[in-house]
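Q: Here is how the chains run, residue by residue.
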Amino acid sequence: MSTSGSENHTNYLNDGYGVKSWLLTTDHKRIAILYMISITLFFMIGGFFALVIRLTLLSPNGTLVSADTYNKMFTMHGVTMIFFFLIPSIPAVLGNFLVPMMIGARDLAFPKLNLLSWYIYVLGGIFTLSAMVLGGVDTGWTFYTPLSSGYSHTNVVPTVIGVFIVGFSSILTGLNFIVTIHKMRAPGLTWFRLPLFIWAHYATSVIQVLGTPVIAVTLALVGFERITGVGIFDPNIGGDPILFQHLFWFYSHPAVYIMVLPSMGIVSEVVTCFSQRKLFGYRQMAFASMAIAVFGFLVWGHHMFVSGQSVYAGMAFSALSFLVAIPSAVKVFNWTATLYKGTIRFNTPMLYAFGFIGLFTIGGLTGIVLATLPVDVHVHDTYFVIAHFHYIMVGGAVMGYMAGLHFWWPKITGKLYPEGLAKFSALTLFVGFNLTFFPQFILGYLGMPRRYHIYPPEFQVLNVLSTAGASILGLGYIIPFFYFMWSLRKGKVAGNNPWNAKGLEWLTTSPPPTFNFDKTPVVTEEAYAYPEEDLVGG
Amino acid sequence: MTGHTISRNRYFLIFAALIVLLVLTIFMAYVDLGPFNVIVAITIAIIKATLVILYFMHVRYSSRVTWVFVSAGFFWLLIMFTLTMSDIATRFTF
Amino acid sequence: MDNEQLTHETRSFVAHQFDDLEQQKEAGTLGMWAFLATEILFFGGMFMAYLVYRFSYPQVFAAASQYMDVVLGGVNTGVLLVSSLTMALAVHAAQEGNRKQIITFLIITMIFGAIFLVIKGVEYHHKFVEHLVPGYNFQYEGAEPGKSEIYFILYFVMTGFHALHLIIGIVVLTVIAIMTARGRFTKEYYTPVEISGLYWHFIDIVWIFLYPLLYLIHVHK
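Protein chains in written order, with the numbering used here: chain A, 82 to 619; chain B, 303 to 396; chain C, 3 to 223.
Simulated from the structure, these hints should not be mistaken for lab results. As the structure is a computational prediction, the values presented were derived from the model and not from experiment. Every residue, glycine too, gets a C-beta built ideally from N, C-alpha and C. Take the hints with a grain of salt, since some may be wrong.
[As the list claims (entries may be wrong)] Okay, the calculated beta carbon distance ranges per label pair:
(1) B/M387 with A/L228: 23 to 31 angstroms
(2) C/K189 with B/S373: 49 to 57 angstroms
(3) C/V72 with A/Y526: 58 to 66 angstroms
(4) A/S102 with C/Y138: 45 to 53 angstroms
(5) A/V545 with C/Y138: 52 to 60 angstroms
(6) A/G528 with B/S373: 53 to 61 angstroms
(7) A/G269 with B/A319: 42 to 50 angstroms
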């Protein structure tokens with residue numbers, strides 16, 4: 082290659098080239114790359130299903146696919162995107178790569194377990210993919226009983242097995258992070274000197290470890306019911322399908338925080354770096370992450386207001402749901418306050434971080450609307466809900482992932498992505514996203530229900546807008562894919578710290594050596610110790 | 303933390319206590335206490351589990367982090383039980 | 003401290019990602035505890051279902067539990083408690099660096115685990131003969147056969163997952179025994195013995211709750 086100067090040092094990328102050196106690696110950085118490739122694949126599959134959904138909804142008569150096919154499309158879109166893309170996205174890719182580096186460790190505490198978790202992910206993926214190839218599944222990603230356990234004629238069992246299996250990959254990742262963060266921090270790196278990316282991953286791991294087993298056993302019970310024809314959720318013998326919903330949402334509500342907490346961690350890193358400021362209210366931010374992880378487990382009943390849950394429980398869950406707004410608002414407030422009087426640079430990661438803050442705020446506020454019991458009765462199961470959670474999951478989680486990917490791409494590959502094109506695609510993504518999902522708030526408010534392939538003609542204008550937005554959004558994902566690939570060969574050499582950022586991962590070379598640091602770093606300062614300039618009254 | 307050794311006799315003592323409690327729980331099950339049968343059974347089970355956790359699993363001599371992890375598991379279980387039962391117990395048409 | 007000698011002796015035990023043996027030990031123990039927290043919630047989901055249905059159908063559960071064999075269940079509880087004792091003694095032997103004793107106690111532990119499984123198998127066989135296997139040959143003579151079937155589903159699922167964990171436990175202990183025989187553990191480093199012990203005790207704890215909840219609901223009359 083042309084740029085020989087920086088290629089000389091041995092790094093994790095040129096430490097062995099064979100297939101075996103990748104498939105049997107225990108290096109957390111290589112495993113992160115393996116994860117990156119696999120989740121990108123699932124993102125494309127899930128994106129394809131989204132495409133079919135949006136194309137179908139171009140016309141009110143549902144001309145593209147039949148009702149049955151449409152059911153399968155949105156189910157597989159949800160299953161793929163949630164269990165195989167969003168949940169592993171940031172923790173298993175960026176977290177895997179960065180957690181050891183940020184705390185000054187050579188690797189995660191259990192490298193072999195880390196590799197195992199990737200293989201488990203692949204195995205779960207194979208089951209789910211085979212369910213799709215065999216004809217798909219149509220229960221909705223929520224697998225509600227008794228539809229999933231009895232009435233559906235599609236491939237529920239392989240899908241459920243796939244999700245069951247992939248859950249263990251998530252658990253193992255979380256377990257690994259928890260132990261690593263507890264036991265492997267560099268000398269001097271106390272808990273309150275940790276970057277917030279680490280705090281966010283710690284909070285995420287707590288949810289993964291304590292929540293995931295519940296959905297695993299619940300789906301096992303559904304599988305049992307489907308195979309034997311009789312089960313504890315079967316109303317014919319006195320079973321309670323709503324119990325399934327309790328167990329399901331006990332995990333699946335906190336799962337949203339598995340997706341969005343790591344994004345919040347990334348935004349904290351990016352915002353401080355590109356405004357060259359100390360984070361405003363560091364401790365509040367750390368506690369807010371933990372609070373979200375705990376409060377997240379107290380609110381699941383707000384998914385069940387109209388499902389037959391007791392109204393008294395509904396009221397309690399509604400009240401508890403507002404709790405989550407507090408730490409979330411603390412975070413948004415503190416990011417904004419961090420910007421104050423900062424030296425702000427509008428690089429691509431920063432644009433995505435801004436996108437996150439704005440879209441997450443909209444998603445969060447509409448979440449409060451939905452958590453309000455009487456309002457939810459009106460908009461439940463409408464496009465309002467769809468718009469809300471896409472603002473959190475795409476506007477929040479995926480924006481954060483993109484921010485992180487751009488921010489650490491120079492560290493991961495040693496190459497810079499093309500800044501101008503990247504800014505353009507960030508903007509495209511933002512515009513496309515809003516055009517796709519904002520009309521859905523209005524559609525939902527006007528009463529268009531989710532999960533139907535036809536709708537009254539008066540909703541067509543908004544649906545066409547949404548589909549148009551989706552094609553722009555798609556472009557916003559395709560462009561980065563190509564310039565990232567391009568940058569691997571042609572990108573400018575990044576250097577160790579192209580953003581002038583703080584944090585241990587920027588001290589080592591790009592790409593990092595196999596054991597991350599030539600010498601274990603010693604930490605003597607707080608996180609984000611950017612030089613402070615004239616603060617008012619400070 | 304892990305270095306602390308418990309004497310062998312202590313293990314036998316705990317084992318004896320566990321067997322006594324086992325016999326007690328069977329015995330109490332044959333006594334009609336009405337609604338208190340289940341409470342007694344659960345209480346004895348919790349005592350037995352606590353003995354195993356504290357001594358056989360050495361938690362009594364372990365670091366605070368271990369305590370936190372053990373409590374977290376049970377605390378989350380309690381969250382699940384409490385909030386789910388808040389629905390089941392107030393759903394009068396069940 | 004006689005650190006110099008120790009480092010030399012134990013270097014081969016320390017994996018590359020750890021600074022020293024102490025860190026490796028603590029990480030292993032903490033990892034197992036995090037895993038057990040997962041396990042608590044895994045069984046917790048089933049206990050949740052049990053709680054809901056026992057609360058909703060108390061009489062049905064009382065009647066259906068009459069089909070349980072209190073004696074076999076009680077014996078099995080004792081068997082598991084003994085295995086927990088011998089497991090604790092195996093760890094104790096490891097602390098003293100007594101390789102022979104570790105293996106002996108591990109084998110006794112596994113034997114008791116196997117006895118538990120055999121007794122459990124006998125019980126399952128009885129249920130099979132009595133046509134009480136849900137989804138297979140369920141024919142219940144008492145009142146409310148449907149709701150009773152829920153009881154039996156819970157019985158089979160909970161004890162089934164418990165037995166599965168026990169089988170995994172036996173496999174793990176086999177591996178640990180082989181590692182012990184190959185001299186992989188010393189007085190200074192025996193964490194794998196210790197944490198597989200933790201796993202084994204956890205299995206015992208689950209059964210401590212299963213026995214009164216499934217067998218002893220309504221034995222007084």
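Q: For every hint, state whether the structure bears it out.
A: Here is what the structure says about each hint:
At about 25 angstroms, the beta-carbon gap between B/M387 and A/L228 stays in the expected band of 23 to 31 angstroms. As the Cβ distance of C/K189 to B/S373 is approximately 31 angstroms, the hint placing it in 49 to 57 angstroms is violated. With their beta carbons about 60 angstroms apart, C/V72 and A/Y526 fall inside the hinted range of 58 to 66 angstroms. Separated by about 49 angstroms at the C-beta atoms, A/S102 and C/Y138 satisfy the suggested range of 45 to 53 angstroms.
Evaluation of the 52 to 60 angstroms hint for A/V545 and C/Y138 yields a pass: the beta carbon distance comes to about 54 angstroms. For the pair A/G528 and B/S373, the supplied restraint of 53 to 61 angstroms is violated, since their beta-carbon distance comes to about 46 angstroms. For the pair A/G269 and B/A319, the supplied restraint of 42 to 50 angstroms holds, since their beta-carbon distance comes to about 46 angstroms.
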